[in-house]
Each structure stands twice: as structure tokens, then as C-alpha cells.
Amino acid sequence: MHAHRLTLAALMVLAPACADDEIPEDLGSRPEDEVMLVDSPILQHLAAALEDGATLRASDLYFAERLRFTAAPDPSALLAAQASEHAALPPLAEPATLKVLTYNVGLLNRWYPFTHVGVPRYVERRAEAPARLLADGWDVLFLQEAWELADVERFAAEAARQGYAIYSGSEDKHAQHGLVILVREALIGAAEQEFGEEQFAAQREIELFPGPGIKRGLIRWSFTHAPTGRRVHLYATHLTAFPELWQERDVQARVLGGRAKSHPDGDVVLVGGDFNAGPYYPEDRFGSAGEEVLAGWWHNAMMYPLMLHYGGLYDSRSALQPADDVTRMQQLLLPFALGPYRDEPLAGRCDGIPHDTFTGSDCNSLYFSQYGATEYPARLDYIFVRDVERHVRVVATALEYTEPLDFGAAGNFELSDHYGQSATLQLE
Amino acid sequence: MIVPSLLLAVALASPAEVRADEGAGPATPAAVDGTEASSAPTTTPADPAATGAVVPAPTTAPAQPARAKTGRGLLIAGGVLTGLGVVGRIGLEVFWSTAAQIVPTDPFARWSAANLVFVTNWNNLMFFGPGLGLLTAGAYRRGGHEASLGKVRDARRMRRVGIGLLSGGLGLWALSRALFLPIAEACPSNRCAYTTLETTFWIGAGAIFAGAAHLAYGTGYSRAAAKVQVAPSLGPGYAGLGLAGRF
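Residue numbers (the numbering used here), protein chains in the order written: chain A, 1 to 428; chain B, 1 to 247.
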């Protein structure tokens, strides 16, 4: 009996330390929580894919036991609606161009007890990334996975040479979130700048300790855009990875959406980052480490609409024309079979599927060597825009840094295991 | 109970016989005069057996001398655990220098401090700590045992050396751990930080183990020697040690 009491006491002490915070504490406190899925143009495709979807609210999406997917949530209408809505906007009178890039630079090289986690070719890529990225004419860069302060210092040194200002959060927290924002100095007006840094309450705790010291979060930089006088708020983020951790990710999206929505309607908010989930997964089962095929992918399709819903955002990639997530996913070899995906990138379909959508793709040799046959290729990286008063137009989007580079004796490989996502904006 | 000192002549070349006399049991005749003593009970006219009375057979074995406390088992167990600790620590260093892919020229990354504390102390708690305890206890017993054998040691000096080494080792270990982060951040590279970490570990651990062993041995020896005094004893036809003690 005494032993049982001790065990119980130990569990009560340890449980909070180990538990992941999957349900937002303030769930139900925001108007967005109460929206019926069927009543929201952003969320209604989820309702169509869920058993009893007609009765569910946005807040129900945070309870795993209330979610029984019967089909793939298909965002085609949502993607099309964003494009048609943007196309209906009148042109701006005297806009200034703002070239924005979000890029997971994949500078991960960490150890934890008897394990190493990292993206291959770290040493060669870290030496190349700052000069290459800052020489390409971007006005705003959202970078993820620049974990080490040594790498931030490289970016800072290059930023000083190339005329950029840089913000990467505090030293201690930066090493946990790995986020960096760079802004061309000439675009920063005289008005006061604001900076913020936040770490999500919902985390996969083991990533921090005894894992590789990671705690997901966001950084914010608010400044006045000198050419237009428009107040611009920049958010960089990197949400929790792993398909089975969709709950943490969705809670983080709700928090981030709330931050984006907190600014005056006349301001422009740009949210760039690696969100670690795509808008569409055609089949619930995909990927294998050699035994069972991983199931549960349809849950991962919720992050994208939740981000739009809670942030009042739109997806820059889907502003000019509907993003091709559905089309590209349906070009994959399905149902999943381990052999073909293990033996060749995208089961041999890299040449047949245009490199215009998936920022995480087996066609990237660094991605394939880490995740080949274990995860869907997907659009993981986004630039979202909040522009209530319509001061922004998207004039171009593209995937960037898709080609392998010549690293001399080290060989040819990509700059990162992700592709970059760019958006060229007009701002008034 | 303190009894008058008893002078025992102990042959220098017969440690086995001495060992039989180390326990708590009473000294046997063999230990005294070298002749084999009969274990059969001797009878006297007053015994019932002598008058023909039936005496029940003894149901318990004759009392054996208690097992000698040489500290050997403790020393072996402590050595094994310490050896495992050494192997574990070397394994950790091999991991850091290979699979962990730490860039030697990069500055020390503060985020890794928690993992450093975890992996190094896990090995310390699992192996080095218990190993040190067992070795110390073993050395203490060994000191007592060797005192009882009559071996001559400068126990006071050993204790002084032990205290010095132990204090120095503990001080180095504690200080280098307490100040590790500032030291590591002052270091220009991981190579410097990890070298400092490991150098102070091995020097500190070596001094702690050696100091604890010296101190324990000297203490064990001194305490036993306070009960047993040994002096060379020479006489016509024999050479031996005079062992004076309280029994």
C-alpha cells in the first residue's frame, strides 16, 4: 500500500513534466472557437470529411476523440476561393514592391544522449547559405532552423555587409526556436520598431530535454515600411514536426493566428515559416519505417485552415491561382508502397511532378535521405498575409533554391532539405 | 572488555595461519603454539559421559571462525564498477568526438549544457559513485586487515596524503562544474570547452579516488593498529613479529 502511494505520488509529480499540453487553456474564449465548421468557408471542407461534421465547431477540432475522418479533407474550394477573392481586388495606385522569402535553411546539427539529429552536409551548407541568400535581392527573409548562435552570427555578419537588419530573439531562446528575420535596412522607417519572442505552451516536451534542446515558438518584428509608411508586422515560426503530433501543431496555429489578428486592421501582417503540415493528404495512410504504414495524415490537413481561420489570413501561394496541392498529391503513386518510395525519390516520379508546390519533397536529395518513404511530400512552408484593408497584392510566388549546388569536393546537393517559398508583394 | 595485552608470536612466513585468527572467534591453540588442537570435547571426571550417562550428540557444527574481512570483495566490486564508469566515460568521449558531429571549432553551445549534465552524471551515479564507495570501504578494511597482519605502514602520512588528494580532487571537480558555463563561454571553441570538461574530470576523479583510498586505508590501518601493536621479535632460533593487542 505504501509502495502504491509512493508510485502515485511519483506519477503526480512527474506527469505534468512529461505531459504535452494539447488542449488550449483558453479554448472557448475566442469568437473563432465557436464557429460551426459548416458555416465557415475556411473550415467547411473539414466538416464534409468528418463524421458528424455538421455539428462540430472549431473548438471541437482540438479533441481527438471528436474527430472521425471518413474521407480526405479536400481544400480545393478553399484554395480557389482565395485566388478568386484576390483576383477581384482592384490594382494599387502607387505600390512598392516587397520580395519576401521563407526558407527552412536546415542548419540542424545537434546531439542528445547517444543520438545525433541533423540535416546532412551541415558544415558545407552553413558556409554557403548567408552570402547566397542575402545576395538574391529579398527584402524580407523568414528563416527557420538556423539553430546555432554561430550560424546567426554568420548571417549577422553577412547582413551587415549586404545592408540588412537582423532579429533572432534572445540568445537563450534562439537556440531553442532557431528563427531569424532579416529586413533590408533601407525599408525600415524612422518610427519605433517592436520586437517580440514567444514560445508555445503546447510542445513536444521531450524535444527540449533530454532531446536536442528545441522549444517551438515565434518571433515578431514590427516596423514601418519606409516607402509606403505602412505598419508591417512580421512573424516567423516553426511549428512542431511529426505527423502524429498534429494536436500540438494545431494549438500552436491557434496561438499564432491570434497574435497575427491582434494588430490594427490598417496594418499588414506577414507570417512566414515552416508549419510542418500540408493542406491536403489524399490518403490517410502513407509512409513507413519498414513495418506498419503510418496512418493519421488526414488530421494533419487541419493546420492550414486553422491558421487561416484564427489569423484572418490568406495564403500568398494561393492568391494568384489556386495552389496545386490537390493536383500534385494525386500525381503521387498511391496507395503507398514502401519499396518504390524507398528505392527512388517520389517512387520515380520526380521528373513528372512539377517542382512548384511541395517545399518538403523527396526530389530534394537531402530530404529524401532523411524522410524518404517515411513521410508524404507536402507544402510545409508558407507566407500568410493578413490584410484587412487590402493594401497588399501578390504579384508572384515561386519555390526557391530547388536546384542542387556545386559544393566542390563535397559534391552536388541542395542548400537545404526544404525548398524556399517566395512571394513578391505590392504594398501601398 | 579490555584484557591485558597478549603477546603472540606470529611466524613471518605463515600468513594463512594468521588469517585464521583474524575473526571475532576465540584464538585456537593452533594459533598460539602451532600444534593441531583436537576438536573433540575433552572429558573430565565431572562430565556425565565419564560416569556412563547418555549424552546427546551435538546438533550444531562447531563454531567456525568468522570470515576474514580483508576488503578484497569490496575492492573487486568497486574496481569493476569504476572500470565500467571509465569505459562509459570513454564511450561518451568517443560519441562526442564522432557520432555527435560536434564541430570542434564552433563556440560551445549553451543549449547542450543540460544534456552534458545528464549524460555525465548518469555515468557518475551509476558507476563512479558506487565504485568509489566500495573502493573506499574496501581500502578501509584492507588497512585494518594489513595492520592485523603486522604490515608496517605510515598511516598518518597516508591519511594526510589522502585528505590532500581528496580535498584537491573534490575542489577541482566542484569548482570546474560550478564554473563550467562561464569557462566554456570564455573558451573560443568546443574543443577547448570539452577538453576542459574532460581534463578536469579525469584529474579530479583520479585525485578523489586516490585520496579516498589513501584516507580510508590509513584510517582503517590506524584504528586496527590502535588495537593491535606489532613489533619485530627475534630470538634464538626464530624470527617473528610481536603482536600486541586488545582482545
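Be careful, since some hints might not be right.
[What the hints assert, rightly or not] Distance windows between CB atoms, simulated:
hint : chain 1 : residue 1 : chain 2 : residue 2 : range
1    : A       : Gly163    : B       : Gln101    : 42 to 50 Å
2    : B       : Thr199    : A       : Glu22     : 42 to 50 Å
3    : B       : Val86     : A       : Gly163    : 36 to 44 Å
[Unchecked claim] Chain A regions said to be covered by chain B (calculated; three or more residues, Cβ under 8 Å):
hint : region
4    : 144 to 156
5    : 159 to 168
Hint data in this document are derived by calculation from the structure and do not stem from the laboratory. Note that this is a predicted model, so its numbers are computed, not measured. By construction, the Cβ of each residue, glycine as well, lies at the ideal position given by its N, Cα and C atoms.
How the hints compare with the structure:
1. One distance hint, 42 to 50 Å for the beta-carbon pair Gly163 of chain A and Gln101 of chain B, is violated here, with the actual separation near 34 Å.
2. Range check, Thr199 of chain B to Glu22 of chain A: Cβ separation about 45 Å, and the 42 to 50 Å hint holds.
3. Separated by about 55 Å at the C-beta atoms, Val86 of chain B and Gly163 of chain A break the suggested range of 36 to 44 Å.
4. By the rule of at least three residues with a Cβ nearer than 8 Å to a Cβ of chain B, the coverage given for the region 144 to 156 of chain A holds, with 3 such residues.
5. Figure legend: the region 159 to 168 of chain A, annotated as covered by chain B; annotation inconsistent (0 residues with Cβ-Cβ distances under 8 Å, at least 3 required).
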